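Number 207 marks the last residue of the sequence shown (full-length UniProt numbering); no jumps.
Just so you know, these hints were derived from the structure itself, not from any lab. Some clues are possibly wrong.
[As the list claims (entries may be wrong)] Estimated spans, in silico, between C-beta atoms of each pair: (1) Gly-100 - Gln-53: 12 to 22 Å; (2) Asp-109 - Pro-144: 25 to 35 Å; (3) Gln-73 - Glu-147: 30 to 40 Å; (4) Val-37 - Met-96: 30 to 40 Å; (5) Tyr-107 - Leu-166: 18 to 28 Å; (6) Thr-63 - Glu-97: 26 to 36 Å.
[Unchecked claim] The calculated lysine-lysine pairs, modelled on DSBU-like cross-linking and capped at a C-alpha distance of 30 Å, are: (7) Lys-128 - Lys-81; (8) Lys-128 - Lys-56; (9) Lys-101 - Lys-56; (10) Lys-101 - Lys-70; (11) Lys-70 - Lys-143; (12) Lys-70 - Lys-81; (13) Lys-143 - Lys-101; (14) Lys-143 - Lys-81; (15) Lys-70 - Lys-128.
These figures come from a predicted structure and were not determined experimentally. We put the beta carbon where it would ideally sit given N, CA and C, even for glycine.
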Amino acid sequence: MTSFPSGLRLRAIMTGMTGLAAVLALGVPAVMAGSMVTSGITSQPIGHYDFCQINKAECSIRTVDRGPVKMTQQLWDMLVKVSVGVNAAVTPMSDMEIYGKEEVWAYPDNGVGDCEDYVLEKRRQLNKMGVPLSDLLITVVRKPDGEGHAVLTVRTSKGDFILDNLRDDVRSWEDTGYRYLKRQASNHTGRWVSIRDDQQVLVGSVR
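All chains should be built: construct the whole structure from the sequences, respecting the hints.
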């Protein structure tokens, strides 16, 4: 059940219907996606650090990593529905426009938000649907134009898949065109690990 107010739920249903039907028609990927290779603990994005100061309970959960969640048609449909629904329900707006400052991570309960806010909401909804937090990882990437961006990584038995506010379809992380920098640790919601060679992150980070 979505956490948005009823008006936003209706908007998500009405504006996302066409996109949802098109993406659902693709079905579960037939080919295995790859899995990201992570290394040691790295710096936490400053926006997530500030979010954790307000939402301490959400950032101190130690999870048992039982391996990636099994990919099924039901899970795939859930991923697509949440991706399309949240993308339709939230209007993109920068932190500066909303809060008058940069790097504010918050749930988009007022119907507006930037990339991190979409990720938080998708993560919240999928976790309520039963997907373990250890498989729902906030991830920082670099877009082809060099701009920092955040997406949600879903670890599955068929590989790592990405939910992105810039597109409705759910893709393998290898098919997004992004450079992956860091993501939440699968065993602790307040810790982050580097991905591959972990170059300088454009999104601000705690040093």
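We went through each hint and held it up to the structure:
About 19 Å separates the C-beta atoms of Gly-100 and Gln-53, a value consistent with the hinted range of 12 to 22 Å. At roughly 31 Å, the beta carbons of Asp-109 and Pro-144 sit within the given window of 25 to 35 Å. Against the hinted window of 30 to 40 Å, the Cβ-Cβ separation of Gln-73 and Glu-147 comes to about 35 Å, which satisfies the hint. For Val-37 and Met-96, the hinted distance range of 30 to 40 Å is satisfied, since their beta carbons lie about 35 Å from each other.
Checking the proposed 18 to 28 Å range against Tyr-107 and Leu-166 shows it holds: the Cβ atoms sit about 19 Å from each other. The beta-carbon spacing between Thr-63 and Glu-97, approximately 34 Å, falls within the hinted interval of 26 to 36 Å. With a C-alpha separation of about 14 Å, the suggested pairing of Lys-128 with Lys-81 holds against the 30 Å cut-off. A distance of roughly 19 Å separates the Cα atoms of Lys-128 and Lys-56; the hinted pair therefore holds under the 30 Å criterion.
The straight-line distance between the Cα atoms of Lys-101 and Lys-56 is roughly 22 Å, inside the 30 Å bound, and the hint therefore holds. For a cut-off of 30 Å, the pair hint linking Lys-101 to Lys-70 is broken: about 40 Å separates their Cα positions. Our distance criterion of 30 Å between C-alpha atoms is met by Lys-70 and Lys-143, whose separation comes to about 29 Å. For a cut-off of 30 Å, the pair hint linking Lys-70 to Lys-81 stands: about 18 Å separates their Cα positions.
Restraint check for Lys-143 and Lys-101: the C-alpha separation of about 22 Å stays at or below 30 Å, so the hint holds. Restraint check for Lys-143 and Lys-81: the C-alpha separation of about 24 Å stays at or below 30 Å, so the hint holds. For the hint linking Lys-70 to Lys-128, the alpha-carbon distance of about 17 Å falls within 30 Å, and the restraint holds.
Violated hint: 10 only; the structure is consistent with all others.
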